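Visitor: Starting from the known structure of chain A, fit chain B onto it as the hints suggest.
Note that the protein sequences, when read in sequence, are chains A and B. For the first sequence, the positions run 1 to 352 when this note's numbering is used. For the second sequence, the positions run 353 to 685 when this note's numbering is used.
Hints in this document: simulated from the structure, not taken from any laboratory.
Pairwise CB distance ranges (calculated):
1. A:Trp34 - B:Ala574: 30 to 36 Å
2. B:Val369 - A:Pro214: 29 to 35 Å
3. B:Gly396 - A:Arg272: 52 to 58 Å
4. B:Leu663 - A:Arg272: 35 to 41 Å
5. B:Arg674 - A:Pro214: 41 to 47 Å
6. B:Ala589 - A:Trp174: 52 to 58 Å
7. A:His46 - B:Leu590: 54 to 60 Å
Predicted, not measured: the structure shown is a model, and the values here were computed from it. Don't be surprised by glycine CBs; every beta carbon is placed ideally from N, CA and C.
Spelled out from the first residue to the last, the chains are:
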Amino acid sequence: MRNVAQGPIAWRSELWGSPLRALATVLLLGVLAWAGFHAFEWGVVHAVFRPDADACRAVQHGACWGVVAEKWRPMLFGRFPYEEQWRPAIAVVVLSAVTVLSAWPRSWRWWLVPLWLVALLLFVGLMHGGVAGLSVVPTSRWGGLPLTIGLAVVGLALAFPLALLLAMGRRSEWPVVRTLSASYIELVRGVPLISVLFMASFLLPLLWPAGWQPDVLVRVLMGLTLFVAAYLAEIIRGGLQAVPRGQTEVAMALGFGRWPVQRDIVLPQALRLVVPALTNSVVGTLKDTSLVTVVGLFELTGALGLALGGDPVWRPFYLEGYLFVAAVYWLLCFGLSRYSVWLERRLGTSSA
Amino acid sequence: MRQEGASRRGAWLAWLVQALLVLAVVAGAVWVVNHALDVLRARGVRSGFDFLTEPAGFSISEGWLDFDASQPSWRAFLAGLINTVRAAVPAAIFAVVLGTLIGIGRLAPHVLLRGICTAYVELLRNVPLLVQLLMLAFAMANLLPDPTEPVHLLPGVWLSKGGLSVPWPVAGEGGWWPTHFEWPERGDFGVSGGAALSPEYVTIVAGLSLYSAAFVAEIVRAGILSVSQGQVLAGQALGLSSVQQLRIVILPQALRVIVPSLTNQLLSLTKNSSLAVAVGYPELVSVANTTIGSNGRAFECIAIIMAVYLLLSLVISFGMNRYNARVALRGWR
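The following block holds chain A by itself, in its conformation from the complex (with noise of 0.2 Å):
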């Protein structure tokens, strides 16, 4: 069962080795030609590529791939203003770039946390303007991609700082910090996100003093980084707990102080161990941003319906859209844990 044969000479006694397997070999490419047959008559043969309603109506066995040729834009930007486009499609570049070059462990050094300071004000200046000659676009018109990975990557910076102070209060001498750090984790990780989401939509509002609302896109981002926190504080309080103890008693031995073996000694190797548990983590809160839509954020998948649900002319070809925000999603999701991978390689913390 364990030990896998690698290569094509294992592969060929794996597939014709025996009657059996020659057998389900057979029977498995049968199935895939088929499988593969059919989807590539849909999706290519038969499939319409231009914007053109008309064609995609006349055409009966074949996917209408015109609705994204037509619909990206909406799709991918939601309802900010149509000629202003660039400017979320510029935030979105600039917080991926700095994402990618943070993914790098050669790039860990401490100004990244400038860097990251100037490329969310970069975010935020483009997104809502009001700088530069930039004309206002205000919250509630923000949406698709852009609102998708904002969330993700603002709600997990917020988050971070809090779960840190979780972890460290769940393993405090003082049983007070204690007690209340492990309620708060495991009664924000016992009720569903969208609980959150509605009474981050709901309840929040009746908190705040008359006359200062505060925006539905700030309190959809307190309820996440709330939830998230209590998630990451697990996995962090994990990493602090592989540290061996006795690290921390040779540094109180060498004249450290209570703070400085946190910060210099337990909390680094903390970190770097729980790093692939991290990034899976991201790849969580990536797919959960998509829940805002329930409390009326349309963020990628919001952006759908938003672009199709109104236009009866391209309604009919939903699942066309589906499958292009499905694959924007898994690109991004896949691409994640694949660096996960590579990172738990290169970083030597491998569980296996």
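Guide: Relative to chain A, chain B alone:
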């Protein structure tokens, strides 16, 4: 001496700080609740759980508990909870069965089978569940034939825009214990008899189980890989067939690694069932959402959702931990 004095001062300080922390948390909570009540009063919204005994004002289209608009709200929440369980339990069973098969398939000594199983896992777990659910819901509502021309999937299983019909055990005359299966039959106006499952229900159960199966497969694979190679060789030496090796030697030991992660997965499956609100299946969150819309008691309804999910999570954790104690090595917890 000095050391002792310092540590005693340190202990006092620690208790002082903790007492202040408790005070701050309590004061914060009291302020938040009072403030929210003030705001609610100012807006003329009543608060409290008294609405639970008043008529709900909406009806629930499906489920095991019949519910109409004149019945009290608490019954609506109960019907929603039962609907959550009605979706989550079958989804969990399908996910575990399918996930185990795919997990074993990912390690199969046959490159095509391995490839198909790997493709399944990588495709499904990297697309948000909500997108998959909406896609399924669209396919159910638009791509399937009308109820008058259902597709015959298997003997006794019919699928159409109207949903899925499957054979269902029914009680004989005057008894409550099921005695025989009632088979759905095709008539002129669609399929009748058996259990008619609504398209929303089929969407949520199928979506949840297909998505979760991808994660269960990874858990099963990791569990099997954790069993040492020597065990397999020993099984071979004893002359066990490969199916016997898997059933008698590998899986029982893999369970020790699998069960704790599987518990996490079942918990997240249960919480994910709340996404049914997006495809129109009336489970707990959907009922609470409708109630908030009709009476504005957001506080109370969200408190109920959270309490119920915490309770469900506790029940699942308890059950799985009992099971874990059975499969674990003796002397280990």
